[in-house]
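J.: If you read the protein sequences in the order shown, they are chains A and B. Every letter in the first sequence is one number past the one before it in the numbering used here, and letter 49, counting from 1, is 49. Every letter in the second sequence is one number past the one before it in the numbering used here, and letter 25, counting from 1, is 25.
Since the hints were derived computationally from the structure, they do not count as laboratory data. Cβ atoms here follow ideal geometry from the backbone N, Cα and C, with glycine treated the same way. Check the hints yourself; a few may be wrong.
Straight line, CA to CA, 30 angstroms or less: simulated DSBU-like cross-link-like pairs of lysine-lysine [what the hints assert, rightly or not]: (1) B/Lys291 / A/Lys193; (2) A/Lys20 / B/Lys291; (3) B/Lys291 / A/Lys195; (4) A/Lys32 / B/Lys205; (5) A/Lys193 / A/Lys20; (6) B/Lys108 / A/Lys32.
Pairwise CB distance ranges, derived in the manner of DEER restraints [said to hold, decoys possible]: (7) B/Gly63 / A/Gln109: 34 to 42 angstroms; (8) B/Val10 / A/Glu216: 31 to 39 angstroms; (9) B/Pro278 / A/Ala249: 34 to 42 angstroms; (10) A/Leu178 / B/Ser7: 25 to 33 angstroms; (11) A/Gly23 / B/Pro278: 22 to 30 angstroms; (12) B/Arg33 / A/Ser124: 41 to 49 angstroms.
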Amino acid sequence: MKVLVPVKRVIDYNVKPRVKMDGTGVDLANVKMSMNPFDEIAVEEAIRLREKGAATEVVVVSIGPAKAQETLRTALAMGADRAILVTTDDAVEPLAVAKILKAIADEEQPGLVILGKQAIDDDSNQTGQMLAALMGRPQGTFASKVEVEGDSVTVTREVDGGLETVKLAIPAIVTTDLRLNEPRYASLPNIMKAKSKPLANKTPTDYGVDTTPRIETVKVSEPPKRVAGIKVADVDELVAKLKAMGVAA
Amino acid sequence: MDFSPTSDQVHIRDAIFRHCAQFSDDYWLDRDRSGEFPGDFYTSMAEAGWLGVAMPEAVGGAGLGITEAAIMMQAVAEAGGGMTAASTIHGPVFSLEPIELFGSDEQKARMIPPVLSGAEKMCFAVTEPNTGLDTTKLKTAAKKVDGGYLVNGDKIWITNAHVADRMMLLARTTPLEAVTRKTDGLSLFFTRLDRDHVEHRLIPKMGRHAVGSNMVFINDLFIPDDDRIGGEGDGFRIILKGLNPERILLGAEAIGIGRNAIQRAARYARERIVFDRPIGMNQGIQHPLAKCWMQLEAANLMVMKAATLFDRGEDCGVEANAGKYLAAESAFEACHTAMLTLGGMGYAQEYHVERLLREVLIPRTAPVSPHMILNFIAERVLELPKSY
Numbered sequence: 001m002k003v004l005v006p007v008k009r010v011i012d013y014n015v016k017p018r019v020k021m022d023g024t025g026v027d028l029a030n031v032k033m034s035m036n037p038f039d040e041i042a043v044e045e046a047i048r049l050r051e052k053g054a055a056t057e058v059v060v061v062s063i064g065p066a067k068a069q070e071t072l073r074t075a076l077a078m079g080a081d082r083a084i085l086v087t088t089d090d091a092v093e094p095l096a097v098a099k100i101l102k103a104i105a106d107e108e109q110p111g112l113v114i115l116g117k118q119a120i121d122d123d124s125n126q127t128g129q130m131l132a133a134l135m136g137r138p139q140g141t142f143a144s145k146v147e148v149e150g151d152s153v154t155v156t157r158e159v160d161g162g163l164e165t166v167k168l169a170i171p172a173i174v175t176t177d178l179r180l181n182e183p184r185y186a187s188l189p190n191i192m193k194a195k196s197k198p199l200a201n202k203t204p205t206d207y208g209v210d211t212t213p214r215i216e217t218v219k220v221s222e223p224p225k226r227v228a229g230i231k232v233a234d235v236d237e238l239v240a241k242l243k244a245m246g247v248a249a
Numbered sequence: 001m002d003f004s005p006t007s008d009q010v011h012i013r014d015a016i017f018r019h020c021a022q023f024s025d026d027y028w029l030d031r032d033r034s035g036e037f038p039g040d041f042y043t044s045m046a047e048a049g050w051l052g053v054a055m056p057e058a059v060g061g062a063g064l065g066i067t068e069a070a071i072m073m074q075a076v077a078e079a080g081g082g083m084t085a086a087s088t089i090h091g092p093v094f095s096l097e098p099i100e101l102f103g104s105d106e107q108k109a110r111m112i113p114p115v116l117s118g119a120e121k122m123c124f125a126v127t128e129p130n131t132g133l134d135t136t137k138l139k140t141a142a143k144k145v146d147g148g149y150l151v152n153g154d155k156i157w158i159t160n161a162h163v164a165d166r167m168m169l170l171a172r173t174t175p176l177e178a179v180t181r182k183t184d185g186l187s188l189f190f191t192r193l194d195r196d197h198v199e200h201r202l203i204p205k206m207g208r209h210a211v212g213s214n215m216v217f218i219n220d221l222f223i224p225d226d227d228r229i230g231g232e233g234d235g236f237r238i239i240l241k242g243l244n245p246e247r248i249l250l251g252a253e254a255i256g257i258g259r260n261a262i263q264r265a266a267r268y269a270r271e272r273i274v275f276d277r278p279i280g281m282n283q284g285i286q287h288p289l290a291k292c293w294m295q296l297e298a299a300n301l302m303v304m305k306a307a308t309l310f311d312r313g314e315d316c317g318v319e320a321n322a323g324k325y326l327a328a329e330s331a332f333e334a335c336h337t338a339m340l341t342l343g344g345m346g347y348a349q350e351y352h353v354e355r356l357l358r359e360v361l362i363p364r365t366a367p368v369s370p371h372m373i374l375n376f377i378a379e380r381v382l383e384l385p386k387s388y
């Protein structure tokens, strides 16, 4: 069974994003970029499935600028087998990403597509679900556990108020939550090996997908600054205030 | 002139930061307090293949250059472990070079892989109590006997001699009086550190307590002929080849420490509120930190230039020395400025800058003092007469 893992190059989670002066977006010039952390978890899970013998090949794909190649190399250094880079300088919205992934899945015929539940830059949380719909296949989102048995996969989902377990027929789409696994560190020999692993260069046109944005970003602004809270002198005053606000009886 | 790192170099820096994130600030502070060797860090780096960064693939390395080794070691220091982290793995990263360059195929296959895999630790024994930088006057004697050599003598400042399984040793095989050139008469060995014939005594010191420096007393240590690297009497010339890489790595590490100190200071200055505003709003705090940043980054360019020249096989003596000097001086200034930025808290161990300040004195003094570098630049570049 082949596993397809889409990965996105995003602003590094340690970097404090700065909004551009004209409010059109986040300033990405000279900013450290990394693999979306949820995608890293997806890559790790796919590699573990291969190590367990449940998968035979891990194919990673990224859609984005030429520099997304670095992100793919990171995934290859972690242990993925080969990579597909779909180069475009446009901002690609989740639906267009899902359409390209659908076209790739049609070619590759993976048993599982494992995606991060969302990217930390736009927090859309849509691509996995859209892909499942386009492919007409079952989905297990927000996975904290993935177990493949024969031609089905059991996914434990982190939902409000607890865990939900679903059993899906393969091929299926899984999106990862934070607690699924702890991604490995790339070792030096694997970084070196990653350089000679195959990386195919494609464009959205190769897959016949129009990536023209359907949504216009009107304005991006910093979150409002936190204002100072109210200081109380003692517990009695605190209780009185809470009562006055109607949050304590 | 290309100042941008290659994709490999970016990946290496990134991977090291991720790897080192397993070892927190408190890990390094704990080790500094207890003096316990960071064995788990050493093992993890060996298992992830990092010790062989600059060794050829044929002996289990990655086949990269000193530039990559410098970037790696800089990230190791910069991740918060400072000189302790760097010195823990420094030996294998660059001191195996003589074996690789001058050893026989049998020696390479026998000696290098166990060190890269972490199975054996090594130390590098050159300096002696009475002959610090004056290497050609070394006294430790290796007397030819049947099948090998019998060695006697004292060494000092031998890092990790107390935990090492193997020792790279420079010893005199021909008395100084009997040689024609003073650079003759020394031979290099890589041999088992036999504790029955080698005693060590840790030197109580200012910082980097987890990576010990030792006095080493060698008493009738037998070294088989097979453990001599290169020809008899060629030891000094072999060792010379490794001096520039050592300076480059130390310089890169110093810059890593300096950057880490500045980052800690800037973070503190942004968060620490005094008189209702962050102290980082004051130019008295900002300007010294900005100056340190500029000096560190300028020094880094010189260090990387030296590394690039070395990897191209060009002469890099001037750049390697200048880079080490600039790096160590600016890193010292950075640690000192960081400490002043933190005020009283800078003196408290839990803020980690005092540890960095203590450790940054090492690359400032070693492997060659700033004074000797100034002498070297004065003579070599400015063509001034030798002063000593």
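J.: Each hint should be assessed against the structure and marked as holding or not.
T.: Each hint tested on the structure:
no. : hint                                    : verdict
1   : B/Lys291 / A/Lys193                     : violated, 40 angstroms
2   : A/Lys20 / B/Lys291                      : holds, 27 angstroms
3   : B/Lys291 / A/Lys195                     : violated, 38 angstroms
4   : A/Lys32 / B/Lys205                      : violated, 39 angstroms
5   : A/Lys193 / A/Lys20                      : violated, 39 angstroms
6   : B/Lys108 / A/Lys32                      : violated, 40 angstroms
7   : B/Gly63 / A/Gln109: 34 to 42 angstroms  : holds, 37 angstroms
8   : B/Val10 / A/Glu216: 31 to 39 angstroms  : holds, 34 angstroms
9   : B/Pro278 / A/Ala249: 34 to 42 angstroms : holds, 40 angstroms
10  : A/Leu178 / B/Ser7: 25 to 33 angstroms   : holds, 29 angstroms
11  : A/Gly23 / B/Pro278: 22 to 30 angstroms  : holds, 26 angstroms
12  : B/Arg33 / A/Ser124: 41 to 49 angstroms  : holds, 47 angstroms
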